[in-house]
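Q: The numbering of the sequence shown is my numbering, which starts it at 5 and goes up by one.
Calculated from the structure, these hints are not laboratory results.
Hints are supplied without guarantee of correctness; some may be wrong.
Below, simulated DSS-like cross-link-like pairs (lysine-lysine); rule was C-alpha separation at most 30 Å, straight line [claimed, not checked]:
(1) K447 to K180
(2) K295 to K21
(3) K235 to K295
(4) K295 to K180
(5) K270 to K295
(6) K447 to K19
(7) K10 to K21
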Amino acid sequence: MFQTLKNAWKVPELKNKILFTIFALLVFRLGSAVPVPFIMTESLKGYFNSMSGTIFGLLGTMNGTGFSMAAVFALGVQPYINSSIIIELLTVAIPALERLAKEGGEEGRKKIAAITRYTTVAIALLQGFGYYTIIKSQNMLDLGGMNGLWAGIVIVFTFVAGSAFVMWLGEQITDKGIGNGISMILFAGILSRMPSMISSVISGVQQWFTNNNLTAEQIEQIGGVESDLYKSLVASALHPALVPVLILGVLFLIVFVVFIQNAERKIPVQYAKRVVGRKMYGGQSSHIPMKVNMAGVLPIIFAQSIASLPATICAFAGVTSQSEGFWGGFLRVFDANGWVYGIVYFFLILAFSYFYSTMQFDPTEVANNLKKNGGFVPGFRPGKPTADFIRKVLNKITFFGAMFLSVVAILPIVTGNIVGQSSLAIGGTSIIIVVGVALETSKALEAQLMMRHYKGFLE
Numbered sequence: 005m006f007q008t009l010k011n012a013w014k015v016p017e018l019k020n021k022i023l024f025t026i027f028a029l030l031v032f033r034l035g036s037a038v039p040v041p042f043i044m045t046e047s048l049k050g051y052f053n054s055m056s057g058t059i060f061g062l063l064g065t066m067n068g069t070g071f072s073m074a075a076v077f078a079l080g081v082q083p084y085i086n087s088s089i090i091i092e093l094l095t096v097a098i099p100a101l102e103r104l105a106k107e108g109g110e111e112g113r114k115k116i117a118a119i120t121r122y123t124t125v126a127i128a129l130l131q132g133f134g135y136y137t138i139i140k141s142q143n144m145l146d147l148g149g150m151n152g153l154w155a156g157i158v159i160v161f162t163f164v165a166g167s168a169f170v171m172w173l174g175e176q177i178t179d180k181g182i183g184n185g186i187s188m189i190l191f192a193g194i195l196s197r198m199p200s201m202i203s204s205v206i207s208g209v210q211q212w213f214t215n216n217n218l219t220a221e222q223i224e225q226i227g228g229v230e231s232d233l234y235k236s237l238v239a240s241a242l243h244p245a246l247v248p249v250l251i252l253g254v255l256f257l258i259v260f261v262v263f264i265q266n267a268e269r270k271i272p273v274q275y276a277k278r279v280v281g282r283k284m285y286g287g288q289s290s291h292i293p294m295k296v297n298m299a300g301v302l303p304i305i306f307a308q309s310i311a312s313l314p315a316t317i318c319a320f321a322g323v324t325s326q327s328e329g330f331w332g333g334f335l336r337v338f339d340a341n342g343w344v345y346g347i348v349y350f351f352l353i354l355a356f357s358y359f360y361s362t363m364q365f366d367p368t369e370v371a372n373n374l375k376k377n378g379g380f381v382p383g384f385r386p387g388k389p390t391a392d393f394i395r396k397v398l399n400k401i402t403f404f405g406a407m408f409l410s411v412v413a414i415l416p417i418v419t420g421n422i423v424g425q426s427s428l429a430i431g432g433t434s435i436i437i438v439v440g441v442a443l444e445t446s447k448a449l450e451a452q453l454m455m456r457h458y459k460g461f462l463e
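Kindly produce the complete structure, drawing on both the sequences and the hints.
A: Pasting the structure below:
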């Protein structure tokens, strides 16, 4: 990848695209550091840190540090991603949208893109209002004599305007920069959390040395080994020997993700020879590529949204794991770092992987297209036998892809329980997104380099 960037930097046109992308990402990070007015950002940051097991934890991971500090770009690309997923699912469910996507050509794609943009603004309006409602309910508004209604309008519309600008910025990166602009912005948002994770590792190691230097008298002064303060000090500490293990674990996970992201099953296809006039067509051999991780990271996002829903509802109702009664006990059992949550999370990812793969890839449609073009899979008759074979292969590779996503997604729970610090857990979802965007960008640069250095058949 670094060699590809080096070669691309030598081409003036690609160099300008890289510089434009870097400038656009700097603008995004700048907007993620400018807070929205009338909000006490420090109090809000502490509140969201305590809500890591809810839907806000997922939003913070996807949108970077701007979400927890109520920045102008706090919503990030999340409304656009949600809008794209909704329109994609509706395209399958609504015949009019399906015809527009398949038969509308360039005009159809433009109309779908326009619908997606309008839906993005509507979702951003809902999310911005929800964000404002949380801030108001927690008494984190600093109006300074300003009318409350006017302040609420300013806050909500600032969030919406920021989300719309991020969407436009992503489209500009796609047109004038390198790779998919929305993916690049998501990439930058996730990487922005790296310094805080490194800082957590350093402070955890320092706390471990501090705990070991405490005398018996100092331990007694803070309430003894049974006190909540001493337990919190021990829980925040990290043994120095675990740091190399964490680094090796991250490196191994990156290699594993790269391997799975590039893995695919190729179904051989043979095209029959046919004579048209005096010319013979067909007879070529090809293949149908089927990626192992066909669904990408979407099953994890869907599963985490549903799995964190009970904790989110309880948080709005003011119920915590220390509360008495049924819901307090439920949250203690269904803790985001517990094994019950991990098992439910695991099976939800499996279910959504099969669901999304079925929505994305239709074996019957592929078999019919092969039949129309004179193609066939060796050993299988065209039509239904071919569709059944492709469906069988799809189920097999979907299972392996789903297992890959499930294992990577529950790694934070496993490492958090082993290390003893959930904040130091290896974020599998973040690594899948970061590695996927890096591979996608590298392939896009390689394709553009090949196009500009292609010498033709005569040389």
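Q: Give a verdict on every hint.
A: Now for the hints, and whether the structure bears them out:
Our distance criterion of 30 Å between C-alpha atoms is met by K447 and K180, whose separation comes to about 17 Å. With a CA separation close to 29 Å, the supplied pair K295 and K21 stays within the 30 Å bound. Between K235 and K295 the alpha-carbon distance is near 47 Å, which puts this suggested pair outside the 30 Å criterion. The hinted pair formed by K295 and K180 meets the criterion: a straight-line CA distance of about 29 Å does not exceed 30 Å.
Distance restraint check for K270 and K295: the Cα-Cα separation of roughly 9 Å lies within the 30 Å cut-off, and the hinted pair is therefore satisfied. For the given pair, K447 sits about 16 Å from K19 by alpha-carbon distance, which is consistent with the 30 Å threshold. For the proposed pair K10 and K21, the alpha carbon gap of about 14 Å is at most 30 Å, so the pair holds.
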